[in-house]
Amino acid sequence: GENVEQHPSTLSVQEGDSAVIKCTYSDSASNYFPWYKQELGKRPQLIIDIRSNVGEKKDQRIAVTLNKTAKHFSLHITETQPEDSAVYFCAAILNDYKLSFGAGTTVTVRA
Amino acid sequence: NAGVTQTPKFRVLKTGQSMTLLCAQDMNHEYMYWYRQDPGMGLRLIHYSVGEGTTAKGEVPDGYNVSRLKKQNFLLGLESAAPSQTSVYFCASSYSEREVDEQYFGPGTRLTVT
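Protein chains in written order, with the numbering used here: chain A, 335 to 445; chain B, 342 to 455.
Hints listed in this document are in silico derivations from the structure and should not be mistaken for laboratory results.
Glycine included, each C-beta is placed from N, C-alpha and C at the ideal position.
Hints should not be assumed to be uniformly reliable.
Said to hold, decoys possible - What the simulated footprint calls covered on chain B by chain A, stretch by stretch (three residues with Cβ under 8 Å from a Cβ of chain A suffice, anywhere in the stretch; the number is not a length):
hint : segment
1    : 389-401
2    : 419-426
Unchecked claim - Straight-line C-alpha distance at most 30 Å; calculated DSSO-like pairs for lysine-lysine:
hint : chain 1 : residue 1 : chain 2 : residue 2
3    : A       : K371      : B       : K350
4    : B       : K350      : A       : K432
5    : A       : K356      : B       : K412
6    : A       : K371      : A       : K402
7    : A       : K392      : B       : K350
8    : A       : K391      : A       : K402
9    : A       : K356      : B       : K355
10   : B       : K398      : B       : K411
11   : B       : K398      : B       : K350
12   : B       : K411      : B       : K350
13   : A       : K405      : B       : K398
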């Protein structure tokens with residue numbers, strides 16, 4: 335099965351600064367890497383995803399990069415805002431549709 | 342379009358009691374999943390289903406059973422609850438004919454076993 339490690343576990347940034355979360359995976363056959371955001375007491379929601387045939391993907395202030403050789407992928411949030419405060423989870427999946435999640439990163443944006 | 346719904350939202354059980362959590366989706370998704378979420382451990386897959394009438398074990402299946410009698414419903418059962426099963430349970434569903442796709446999560450069920 336897949337094993338996903340996520341760092342850091344907590345991240346505090348000043349409003350307007352960038353935040354970077356990194357994840358590594360173990361199975362080189364993994365081909366889909368989503369990122370979920372979970373606000374306190376709410377359900378996880380997809381914010382961006384990337385497939386193994388792409389190296390980078392952007393959506394406004396959010397970007398994800400994938401290095402298949404090193405088996406790691408990262409989430410970048412630029413110009414952070416208070417509403418970016420949440421827990422972020424990375425995940426990796428094989429063709430059997432089973433997602434393996436990282437342990438999560440609690441991001442706090444200081445005003 | 343309600344998306345993915347879960348009942349109940351909260352439940353307190355005594356050790357040894359049984360219960361069933363219901364997940365329903367109205368998006369005609371083929372795949373459905375049950376996860377548990379514990380502090381500092383992310384989401385862990387309990388069981389999943391790739392279609393009506395099928396189920397498979399995930400990462401932490403012990404102590405749970407599931408059934409998918411109808412495409413839109415996925416039931417998670419606890420036959421004899423234990424304090425270690427205190428957790429927040431999330432159901433999710435996804436659909437893709439060709440490739441893995443986004444999983445949509447329900448609002449969660451907070452279960453406490455005393």
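- State whether the coverage of the segment 419-426 of chain B by chain A holds or is violated, taking the criterion as 3 or more residues with Cβ-Cβ distances under 8 Å. With 0 residues in contact (Cβ-Cβ under 8 Å with chain A), the coverage given for the segment 419-426 of chain B is violated.
- Message: Does B/K350 sit within 30 Å of A/K392, going by the straight-line distance between their CA atoms?
- Response: Between A/K392 and B/K350 the Cα gap is close to 35 Å, so the pair fails against 30 Å, i.e. violated.
- Message: Please check whether the segment 389-401 of chain B has three or more residues whose CB lies within less than 8 Å of a CB on chain A.
- Response: Our answer is that it holds, as 4 residues pass the Cβ test (under 8 Å) against chain A, meeting three.
- Query: Would the pair A/K356 and B/K412 pass a check requiring their Cα atoms to be no farther apart than 30 Å?
  - Reply: 36 Å, violated
- Message: Please verify whether A/K371 and B/K350 have alpha carbons no more than 30 Å apart.
- Response: Given pair A/K371, B/K350 holds - Cα atoms ~20 Å apart, limit 30 Å.
- Query: When you check the alpha-carbon spacing of B/K411 and B/K350, does it fall within 30 Å?
  - Reply: The hint holds at about 22 Å.
- Taken at face value, is the distance from the CA of A/K432 to the CA of B/K350 at most 30 Å? 25 Å, holds
- Does the alpha-carbon distance linking A/K356 and B/K355 stay inside the 30 Å limit? 40 Å, violated
- Query: Between A/K405 and B/K398, is the straight-line Cα distance small enough, at 30 Å or below?
  - Reply: 26 Å, holds
- Item | Distance restraint between B/K398 and B/K350, which requires alpha-carbon spacing of 30 Å or less | Holds. B/K398 to B/K350 sits at ~24 Å (cutoff 30 Å).
- Task: With a cut-off of 30 Å on the C-alpha distance, tell me whether B/K398 and B/K411 pass.
- Result: 18 Å, holds
- Query: Is the hinted pair A/K391 and A/K402 satisfied, with a Cα-Cα distance of at most 30 Å?
  - Reply: 14 Å, holds
The structure is inconsistent with the numbered hints 2, 5, 7, 9, although it conforms to all the rest.
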